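**Student:** So you can see what is in the structure, the chains are spelled out below.
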Amino acid sequence: MSGSTRRLVIEPVTRVEGHGKVTILLDERQRVREARLHIVEFRGFERFVQGRPFWEVPVLVQRLCGICPVSHHLAASKAMDRIAGVDRLSPTAEKIRRLMHMGQIFQSHALHFFHLASPDLLFGFDADPSVRNVIGVARHHPELARQGVLMRKFGQEVIRATGGKRVHAIVAVPGGVNRSLDPADRERLRAEVPRMMTWAEDAVALARDYTLEHLEQLEEFGSFPSNHLGLVTADGDLELYDGLLRAIGEDGATLFDGVQNERYAELLAEEVRPWSYMKFPFIRSLGPERGWYRVGPLARLNVCRRIPTPRAEQARRAFFDALGGAPCHVTMAYHWARMIETLHAIEQIERLLDDPDIVGDDLLREGERRDEAVGVIEAPRGTLFHHYRVDANDQVVMANLIVSTTSNNEPMNRAVRQVAERHLAGRTEIDDGLLNHVEVAIRAYDPCLSCATHALGRMPLEVELRGADGALLDRRTRD
Amino acid sequence: MRGDVLVIGWGNPGRGDDGLGPACVEALARRAPVGVRFEQDYQLQPEHAADVAQARLVVFVDAACDAPAAVYVEPVAPRPASGFTTHGLAPAALLEIARGAFGAQPAAWIVGIRGSCFEPFREELSPEARDNLGRAVGFLDAVLAADDPAEELERAARCGVPTASAAAGGEGR
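In order, the protein sequences belong to chains A and B.
Quick note on numbering: the first sequence equals residues 21 to 499 in our numbering.
Quick note on numbering: the second sequence equals residues 22 to 194 in our numbering.
Treat the hints as calculated values from the structure; they're not laboratory data.
If a hint is listed, it holds; no wrong ones were tucked in.
Simulated restraints on C-beta separations:
(1) B:E145 / A:E291: 36 to 42 Å
(2) B:P96 / A:R49: 55 to 61 Å
(3) B:E144 / A:D414: 16 to 22 Å
(4) A:V292 / B:E145: 30 to 36 Å
(5) A:T274 / B:E140: 44 to 50 Å
Chain B is faced by these chain A residues, among others (derived, beta-carbon under 10 Å):
(6) L80
(7) Q82
(8) H135
(9) S150
(10) V154
(11) V157
(12) R159
(13) Q167
(14) V169
(15) R172
No experiment lies behind these values; they were computed from the predicted model shown.
The C-beta atom is built at its ideal place from N, Cα and C for all residues, glycine as well.
Given only the sequences and the hints, what does the whole structure look like? Please build it.
**Tutor:** See the structure below:
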């Protein structure tokens, strides 16, 4: 091999939502110089939406992704509320949206934990991939698989009850919602809450026990200090629907706090790198080298001071007591954090179902039209930004989205680099162990690559190893 | 065999003919046949295993490209399908989860409807897909009205209705 850098490519990383491709670049001494998770399709949603009436956008954005259409629906709706001049929704409208959002958090986290992550936890990182999957869980741990299926189904039923249907549900409209909760649906969902609460607590315990039993291994696995970003209330509580932006540094010091959504572009910027369609967001004041940050369940627990529901707050305290306090940088602790949020979501669902406003009929507000607005929400995978400008004809003339997986782009690259360095240790071949570890490291972030690149359909992901001169040394594909 | 029939169609109506599955289910559901449940979604996901587990007969309805006929029918059985992600399960993998987690193994068939245009952000079906949808709805109407829908499906698969396993996985569009 001539030249000074060698390259390894791994594709596909299975059990992420969508597929990706990983390239590992080696230097002259066969050490890992860089790891790149990159995507080969670009969907161009921001361009597509231009020229469309603003009130259509909350519906259109659901086409972005079949995995998290609710998050896009609600983030766009929040922006369009402001375009419509509405800063405060009616209590019923806000609570209907929050209920839908908690259903989305609950079902998405349940899907990820039970059907994507639990095979790694139950069978071990290095188990045969033909067993280490959801079907293996169903065969060998049927009760756990059944719980996962029914938790996911419950969350979907919450979405269906609030949105009327699963495919292209339409509930949020600029200024409010177009329906409240049917009392019969309310009672049906209420009846399921105790069982879901128990299972969510069991899932927290499962994730906790796994993390603590393997802590020594996990602390070294794809972990690194980083900044963290998320939404919180003015008091610093975890807030998934409508909070203020807060960021902390790797030592836990506050970088910014109490920032209104509209100011996101003053604080965050996106770097473009020629090898990827996914951008690399960073905190402006720190620059691209030091300003990259993590979002999602782990980041949200790190930036909040409290969770405003008792069971999840107790779990949060246990989390930091066990892991040495905030901030926690253990990448694999995302799974535990994700289950704490799942518990929070079912607690919130219980509260909202008990609230009389949820079946109210005050659905819409009006205001004075604006030309530009930002909607930010904590999607299951992390902070999601929707930013629009609208012209005098009510047509969208600019759209900018920062989706959660894009914010975790740099952290995922770093996680891959870290596990590759440890695994390769001078070797220039991709073996099953490397594939397994790269998969597990990326999967901790629950990335939705389809969404992040605005691409639909299958995107096979490879792992490539390339030398210092760019020559391909090895390539492995795992479907 | 009447009752306990689940018809599940999936696909993204915002992606042209990919919406054939949901469109077919919507048309059939309007007729409200007795003893039949309908589900539609963007993709087949693990939670659909709970619906599948409650049925005696499951009909998976999906758009298909490169299909040998406008509408085709073929049986599907539980299979630990390798190569899937939960971005969208194949019917065989979903049946395997239903068997493993719920101990259920309903009879299951795939009805594929040929589409030709799967462009993103295209809300309507292509003319060919609309024609094929009409044929599928007519066919399934008759199946669901029959005393034994499974027998009707089996006959349709046996008597000259082409099969297209390559197009039937639900992810291969």
